[in-house]
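Student: Going down the list, the sequences are from chains A and B. Residues 1 to 386 in this note's numbering are what the first sequence spells out, letter by letter. Residues 1001 to 1353 in this note's numbering are what the second sequence spells out, letter by letter.
Hints in this document: simulated from the structure, not taken from any laboratory. Mixed in with the good hints, there may be bad ones.
To be verified - Anything over 10 Å on all C-beta distances counts as not near chain B; from chain A, calculated:
#, residue
1, E107
2, A145
3, R149
4, R154
5, G256
6, V313
7, G372
8, Q374
Unchecked claim - Stretches of chain B that chain A covers, calculated by requiring three or more beta carbons in the stretch to come under 8 Å of a beta carbon on chain A:
#, stretch
9, 1064 to 1070
10, 1186 to 1192
Beta carbons are placed, not taken as given, at the ideal position from N, Cα and C, and that holds for glycine.
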Amino acid sequence: MAKERVAVVGVGQTQHQATRGDVSMAGLVREAASRALTDAGMTWQDIDAVVVGKAPDFFEGIMMPELYLADALGANGKPLFRVHTAGSVGGSTAIVAAQLVQAGIHERVLTVAFEKQSESEAMWALSMPIPFQPPLHAGAGGYFAPHIRSYMARSNAPDHIGILVALKDRTNALANPYAHLHEHEITFDSIKDSLMLWDPVRYAETCPSSDGACAMVLANEAVADRADKPVAWIKGTAMRSEPTMSADRDPVLPRGGSDCAADVYRQAGITDPRRDVDCVEMYVPFSWFEPMWLENLHFAPSGDGWRYVEDGVTQMDGDLPVNMSGGVLSSNPIGASGMLRFAEAALQVRGQAGEHQVDGARTAVGHAYGGGSQFFAMWVVGSDKP
Amino acid sequence: MVRDVAVIAFAQMPSVRAETVLNDVEMLMPVIQDVRRRAGLDQQQIGFTCSGSTDYLSGQAFSFVSTLDGVGPWPPIQESHVEMDGAWALYEAWVKLQLGELDTALVYCYGKSAPGPIHEVLSRQLDPYHVAPLWPDAVSLAALQARSMLDAGKATEAQFAEVVARSRRNALNNPNAQLAWDRSAADLLAEEPMVDPLRMSDCPPISDGASAVILAAGDRARELCSRPAWIRGIDHRIEPMALGLRDLTVSASTRLAGEKAGIGDAPVDVAELHAPFSPQELILREALGLGEHANVNPSGGALAANPVMVAGLTRIGEVAQRIIDGTASRGVAHATSGPCLQQNLVCVMEGEG
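Chain B extracted, bound-state conformation (with noise of 0.2 Å):
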């Protein structure tokens, strides 16, 4: 009894190190033009908004409360937010369309991570009483699973390499991507290891950055769109978040939320991971079933912009696009949070004929 729903249009800022001189109303409120101008529609004319975003990277209790007013929203709208990537406000979204009542949906997710030190920042999202206060960064939590593969026998740094060496000239020819450039893996690996055995090109780059969806579903997704990128299945699932209390080699919350969202259905010729750090990337495949020839990360991925709270949504917008522009059939967009992919979203969508 699932409603056809589709991606009808995407848009996104370049991701930039720091925007210092718009705040994050006016850093947001291009995009939201942009893709309401994409998909044909003003404010009045869309059933649902929601939005993620966190107060952790605005340092203000209801940030989100004052971007809602770059939306327009009077008279008064159906809205909702939540302190997620935008990739969960989209899957609130589905669910709401799901119901039939409303047939079209605005999905916008917009953050700063320069302005504060991000990588301690979110280590304020771990275990209040016995891990918060020892301060993990993310980079040495993301180098205690890159270690993991290593002693598991399950990777190479040499891989890790390879895996960066191609985000970063894909995202030559992606004018969002923030960094780009073409060096070879071997020229990576020379590099000194920044938090062993990462090294700085292992990481993503601190990024600000937007981006937005609109949803539309059945004939309102074919009137608005000539080539609807079409929600095929969409799940999501999370693990505890010690890490001790999970194999950080695998990532068996992927694994079922693509299993959810049916993407062994068919294959997809193109997959859009979020994969901060170049060695999840290597878990994420294994966890999603893709073989060496899938296309994945034709954006750059999160090594080539990393705006938290945005990248996992625009995973899914970078996919759609494929699919509405017709150069991808099927494909599958993933988004995680928390550290050490505790958890992850899985979205396959589909292009007609």
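Looking at chain A on its own, in the form it has when it is part of the complex (with noise of 0.2 Å):
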């Protein structure tokens, strides 16, 4: 049984910023599905199912927020789903959208993604006493900062490794209207000079609370052939979980992120990222994770993912542009933040990026991790059909 080819017609962000104080969340989310409704030529009506995700529930204050959006994203007497993987759930939330449209149930599939910051403290949220751990770190960056030390460690990676990437992507941001941080000031040195949190992660390396939501508008084949604008196809989609506590793991260079992204190039025809992709969108909600996931992608071999910050590879002007966007370090809506990196992907191929465009982008992969770096989703889209 073959699956229907999908592709990516249409794509919506908000605004993101650290309080989108002039809208509810149901405000927050239908600014990103209509503007993904808008680029994809449709209405509400066209729309066979709604497919949400987001982070901890938690974040809000309200359980299972879904039900209560339902009418807001026009889900009246429709299916609507709602995702949570932890911070990949972004980019799993687009994944179980499209396989409704691979599996030929749907024809036409809205989802989205959001998070609204502002309504709760997100470091405190993610410093909970977990049974039988000792509470000893404050927020995500806490529990990622010896990761990144033992990376440095078994690299010999340089300290300043992480200020290049904060540099790099927070510059890309200024080409990026929707982007939370638009730092015109920047240098190296007021990344360097910013207050060290949890050593090595600076202020200026960290990710940022953001109040944002992104949609996209998946659809099957016969669809898309009629799109007036250029979509992105879907080549292949991966997700691997591996667990908190085992002996086996290494949570630097996980295998589970490894295997994802072995299983989605395999379906995309990727033999050598390196060569064969054009730009990626990566989850790096902290500087090192750049070069961590350049390694554990594939795209830099084991211990030289730091040498491709330092070259220049990443760069907008690079061979293998990454973080286009500015990423998560200049927008963190955090259950979007992983639909962003998707949904970057696909304008890079559409040719829709914008000032942030990378040109002549045929193929590009997006990707999101989640928990302490033991959920992977990915994706590879290109402007041919597959």
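Using the supplied hints, reconstruct the complex from the two chains, each of which is provided in its own coordinate frame.
Tutor: Dropping the structure here:
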């Protein structure tokens, strides 16, 4: 039984900022969804089903908020589905939505992910006392800092690599009108001099807390072939999960991430990721995750990820641009952050990325991860029909 | 082009009022082990894993992350989680198997309703700006629905009591039930209302529980199970949350999901309906076109055990198990979510021969 081909035919996102006090949660998701529908040349009536994703409900203090959002998302009488796979959720939500089309169940699916972090204090929501684990960390940065230290020790990476990543991503964000942070005065030294939060992670190497939403319209081949604008064909999707606690686990270069990448490249016919992929949106909430994921996702040989950063390979004008949108380091509505990576990859191969467009991008990778580097979601999109 | 997918194994933990010794992971692990043993599969032979739960019961962000460890996901597995009843986790797994790349799936769900005041916790689902600040509890909302049934002349309190009497009498034969007894409807009607017009007996027990299902496709299902419970149709629909936007005496989303799932294609001999409050069974029967003689909730249904996030998948499991056992040939299972039957899933299953 052949899977249906699926394409991204519409993309929408909100203005991301620390507090979107001008909109309710319903207003926030509707802003992104309306823009995706407009981009797709569709109306609410054209949509067969809605798939919603977000990170923990405690971030807004609403239990299963998709129930309350059903009418704002035009889901009356339709299937509405809610995914939650930790930080990877924005990516896995898009994958679940794509599968509804691949399986031939629906023709047009709206998928939406959001977070309104201003409703709560995510840092402390991320610092919960897990049974049997000492409450040693405050916020995700405290959890991940030892992983980064371990990476630096293993790879002999020099201290300034994280600063280079932060400078690149925040500079890229200046070309993205939707990005939360637009730091026009940023320099290498301003990052270096920023407060050390979780050594070696400085304040300016850390993602912001954002309110924001992202939405996409996914459609089958018959619909995509009639689209007015270029579409992004989905060439592969993959998810992998691994345990929180296992003696076999390497949280620095996790096998789940490596397996996920290998699976999605196989589906997309990618044999040499560095050569075959034109640009990447990867989930980098703390600067050092760029070199770590470059290795984990098979773009760089083990131990060489930081050299790519130092050599400028991942710059906008490098041969493998990474996080052209400014990435998670410039906008982090947590539940939406994974979908933003997937959506930005789609915008690139559609040629719709505006000022942060990579010239001639035909194949792009979207990546998201979550939990303690244990949940992974990826897709490959391309401008050519698979 | 629908691929044949079946429930081939079901396991559940007997529901209890409060599981105070075991944590969520410890509570779930025996159920996972039981369902895999019944299917004859270990975790590495399972293609896809999907679970349903909510952080609002565990009182902890990312609670499902810990429970995944109970599955033993190493080497890394293909896995997903929904913040929904396990019935929707089963839906995602069914979709995944439709793609034709994987042949088996593990679906599980768990929920402890007891640690917090569940009927107030559920009010955290409501419109956060206009309704939730008033803390309307789940029993009061169900009572509004019951009242609208009475006001519309669609049911009587005696009919509510008959649903309760039959459900809890059926539960006497269900070793996993939490609340079972043999009392007449007349006896129940003598109770004082708790939240008028609902009596305590019209309401579900507060339950901690867990359940799990194994799905398999095509020939793999036939290899692993002598009589698989084939999913002939599965669909889910939602309505607006606001009670003022809905006619509470009917369930339009259940009716639509039932039509899409093909419930009317042939008679059903068993139905398991997720109706936590007795009047809701009457609404669901009408929406699904179930006649007076259909065998509804032989397990006792949610009135006998109502672990939140679990009771829906358990309905699917209860129907599937009867087909697997050969005591039923065509059945329908239903799951609900949200206040007053806002969101509903219908799954039609059949045995072969």
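Student: Going back to the hint list, which numbers does this structure go against?
Tutor: 5, 7, 8 and 10
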